[in-house]
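Keeping their order, the protein sequence lines are chains A and B.
The first sequence begins at 1 in the numbering used here and counts up one residue at a time.
The second sequence begins at 1 in the numbering used here and counts up one residue at a time.
Heads up, none of these hints are tricks.
Derived DSBU-like pairs: lysine-lysine, alpha-carbon spacing no greater than 35 Å straight-line:
no., chain 1, residue 1, chain 2, residue 2
1, B, K47, B, K31
2, B, K148, A, K115
3, B, K163, B, K139
4, A, K115, B, K163
5, B, K136, A, K121
6, A, K115, B, K47
7, B, K118, B, K69
8, A, K32, B, K31
9, B, K31, A, K115
10, B, K151, A, K32
11, A, K32, B, K47
12, B, K136, B, K58
13, A, K96, B, K151
14, B, K163, A, K32
15, B, K58, A, K115
16, B, K139, B, K172
17, B, K31, B, K69
18, A, K72, B, K47
19, A, K96, B, K136
20, B, K163, A, K72
21, B, K136, B, K118
22, B, K163, A, K96
23, B, K47, A, K96
24, A, K96, A, K32
25, A, K121, A, K72
26, B, K136, A, K115
27, B, K31, A, K96
28, A, K121, B, K58
29, B, K31, A, K72
30, B, K47, B, K136
31, B, K69, A, K72
32, A, K115, B, K69
33, A, K96, B, K148
I should point out that these hints are in silico values taken from the structure, not numbers from a laboratory.
It should be emphasised that the depicted structure is a prediction, and the values quoted were computed from it without experimental measurement.
Residue strings, one per chain:
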Amino acid sequence: MRNFALSAIAALLAGAVLALPARAQSSRVQVKGELVDTWCSVTGIMFAQGTAHHQCAVWCAAGGIPVSIRTKDGAYYMVLRIEEQDSNAANPRYVKIQSHEVNVDGELIERDGVKYLFVTKVLDDQGVVNMTHAENGIQPFGN
Amino acid sequence: MKSLFNFAVVMAALTASPVRAADAWGIEHEKVVELTGRVVDIACTLKGDCPPNCGDGKRQLGLLAADGKLRAVVKGPVDFAGPVRDLVAFCGRSVQVDGLLVENPAIHIVQIQNIREKAEQPWARALAFEIDWQAKNGKAEEWYREDKVVKEVIGADGVYGVKGLAPPPPEKK
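Looking at chain A on its own, in the form it has when it is part of the complex:
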């Protein structure tokens, strides 16, 4: 009876451990790319890069959609902190730098299909340099 009780407790503890969320590993990274909104750009519902999409990217960041850095090879890093700014939804600092080409140093935590980035230092901010409006107009409404 005692063995049964101990086995039951051990099974419960094992179940509890399995049910805990896995603690993701973090690593130090340097990421270079364009700040984009994490909906239009990922879903491809419109052309969503550079000058053509700047206004829409500003709308989305002001609306609280997460901002990501999109690298040249198409990877997305969802930004959850920029230096001392620990609010990351509709933060005016995030809104002001939409579409900028940046190079940042930060902590990367990957979990369940998302690369989350906590930026410790913005190393370079070139502003908006991806000139896409001549070909794509103003997305998505043309004004």
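Since the structure of chain A is provided, determine the placement of chain B on it from the hints.
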């Protein structure tokens, strides 16, 4: 009068139906889903940096499922707006949402359309952003053109984000 009543019944069913299913958008990698999970502040879950009440609307939020899977919820049904204000009302509690799970190989994200706390409750459209914005700023056809921060940023740098670079004036007819 009867047709007006019928219209009201249909609208009520559309906005609070227990059998409502989310709309597909035809996005590559999308699945129409119902998800259940605890509302969490993503940065808090990943790093233990936890302001009160999931950041009170200033933090990106996600759903943490019973199996430990964390889903980043990035979009709601309001144009150009996220779902933070819908979710933060349930900080730390379990909710059901329906919407789109987009498992793009580059990043996995969720758009929610409707939300409820329990299965027996009717779905509610996730419109908190619009409701809160209008309460603070008044009615607007297009909130995103009237928002104070948007006006400041676009006013300073223009629609292309580059000072001095502007679209040509519309041609005279």
